[in-house]
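Fit chain U to the supplied structure of chain R, relying on the hints for placement.
For the protein sequence lines, the chains are R and U, in the order given.
Each number in the numbering used here comes from the position in the first sequence (counting from 1) with 15 added on.
Each number in the numbering used here comes from the position in the second sequence (counting from 1) with 752 added on.
Some clues are possibly wrong.
[Stated by the list, open to error] Okay, the calculated bits of chain U under chain R, using three or more residues with CB under 8 Å as the criterion:
1) 796 to 803
2) 838 to 852
3) 865 to 879
[What the hints assert, rightly or not] Far from chain R, some chain U residues (derived; all Cβ distances over 10 Å):
4) Glu815
5) Ile834
6) Ala882
7) Ile977
8) Pro1007
9) Glu1087
It is worth saying that the hints were derived from the structure and are not from the lab.
Note that CB positions come from ideal geometry on N, CA and C, so glycine has one too.
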Amino acid sequence: MAEYHDFSTYPEGFDRVVSLCDFLPDDYDTRAAFVEGLIGFVISL
Amino acid sequence: MDAQELLQQRVRNFHDAVQMKKAPKRVPHISSFMTWKFVDAGVKFSDGMYDYDLCEKVHIEWEERYKFDVLREFGTRNPIKILQGFAAPRYVINDENSTINALDFTLMEGDEYDELLTNKRKFVWEKIAARRYPELKHATDDQIRNIIKGFQEYNAYNAKITQIYRERFGVPYFYGCPSFSPCAVESLMNSYRGIKGTSIDMRRHKDKVQELCDQHVNNVLTPAIKKFREGPKGELADFAFDSSGASLVHTILSPKQWEDFYWPGMKMITDAIVEMDKTSYWFYQGAMDQFSDYFRDIEKGHICIHIELGDLFEIRKKMPNIALAGGIPMTRLYEGTPEELVDLTKKLVDGLGQNGGFILSQDKMCSYPKDCKRENLLAVCEFIQNYGE
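Just chain R, with the same shape it has in the complex (with noise of 0.2 Å):
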């Protein structure tokens, strides 16, 4: 059965967020920069 999380929070579920993005380079700001243009892009739809 899936396991649900609050991805809400901040930093805690930002950074699982950060965690999913692996086909990144293991760099935590790399992730996180995708991570925030991915957001600021979804938060348009």
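Frame of chain R, contents of chain U only:
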């Protein structure tokens, strides 16, 4: 002419048009068509927007039919597929009437500026994103991975279709450098507070809005321009324009608000573009000629403004140093005749583009069935592709 030669000629035409030193070989033509491309192809919005293969097919047929010199978008202006299976997008599609409505959200309260100014990343995550998507409070890793995957698929589609356009049709990429955002009120209005909230805040919380704009200039724009200045001077190959930007917020700004909130950032951008000897395309929604005086002192030959509303001949008098894009009213593309539209196109080219300075396009972003008729658009395309050659 093969695709590579055509691409180089198109790049040259765009740069000549903006630089205003000589007439381009012919006036270039920008497609500002959005979802009307689906209408023209007989494809339902919901089918085309959720299926990148179908979207690609529509866009290949589009270029085969009309042969535009560059496209502003490739069917992904409303990228709703990214959220599929997670949350409802703000865009509501009605296939029966071929319409798309955008729901308006107010995601930030007027008393929350200090939180935004103190830690933007935390605020956007915990307040803006959490309010827009309550689903984030109770989601699985796989659901989040699917959003990321959707975002990657969206980027991959755009990369693929622009590459097809470049290699098969000789259509250049639209712009080379990252687009610039001159003013924080733009995202404040579009993503956080909405038009009403932002309008109120610019009077009621003026100091906070000003602080937000200053922070944007210092923390976002200044580093972006520094990086831009570290790049090569002069034209970029393979791009219609070297850089780009867009504005909607000016439509709600008073002259004083423009002066305080908008122009400092825009002046930094235009100064850098001139210094780096670049060209830059700006799409200004609605009317913008109320602010034309601010653009008059920019060195001629660098800035192109796409005019959505207003008489281009009058605007040319106010801004003789700025290349203008647009000119074909969407209303005439539907209600007019091929002969009328050819006459209008000839008048625009002869009157505005004799020594560069004009790029043909539609005034509005054509989206719905009654925005255009195919025979009218074909007449304009055929004329512009042959006139002056």
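Looking at Pro1007 of chain U again, its CB stays over 10 Å from all of chain R?
holds (28 Å)
Taking 8 Å as the C-beta cutoff, is the stated coverage of the region 838 to 852 of chain U by chain R satisfied by three or more residues?
holds (count 3)
Given as non-interface: Ile834 of chain U, which should sit over 10 Å from chain R by C-beta
violated (6 Å)
Is the nearest CB of chain R more than 10 Å from the CB of Glu1087 of chain U?
holds (33 Å)
Does the claim that Ala882 of chain U lies outside the interface with chain R hold up, using a Cβ gap greater than 10 Å?
Given a closest Cβ separation of 4 Å, the condition is violated.
Hey, is Glu815 of chain U genuinely clear of chain R, shortest beta carbon separation above 10 Å?
holds (26 Å)
Taking 8 Å as the Cβ threshold, is the statement that the region 796 to 803 of chain U is covered by chain R upheld or broken by the three-residue rule?
violated (count 0)
Whether Ile977 of chain U stays farther than 10 Å from all C-beta atoms of chain R, as the label says
holds (19 Å)
Would you say the region 865 to 879 of chain U counts as covered by chain R, given the rule of at least 3 residues with C-beta under 8 Å?
holds (count 5)
Hint check: violations occur at hints 1, 5 and 6; the rest are consistent with the structure.
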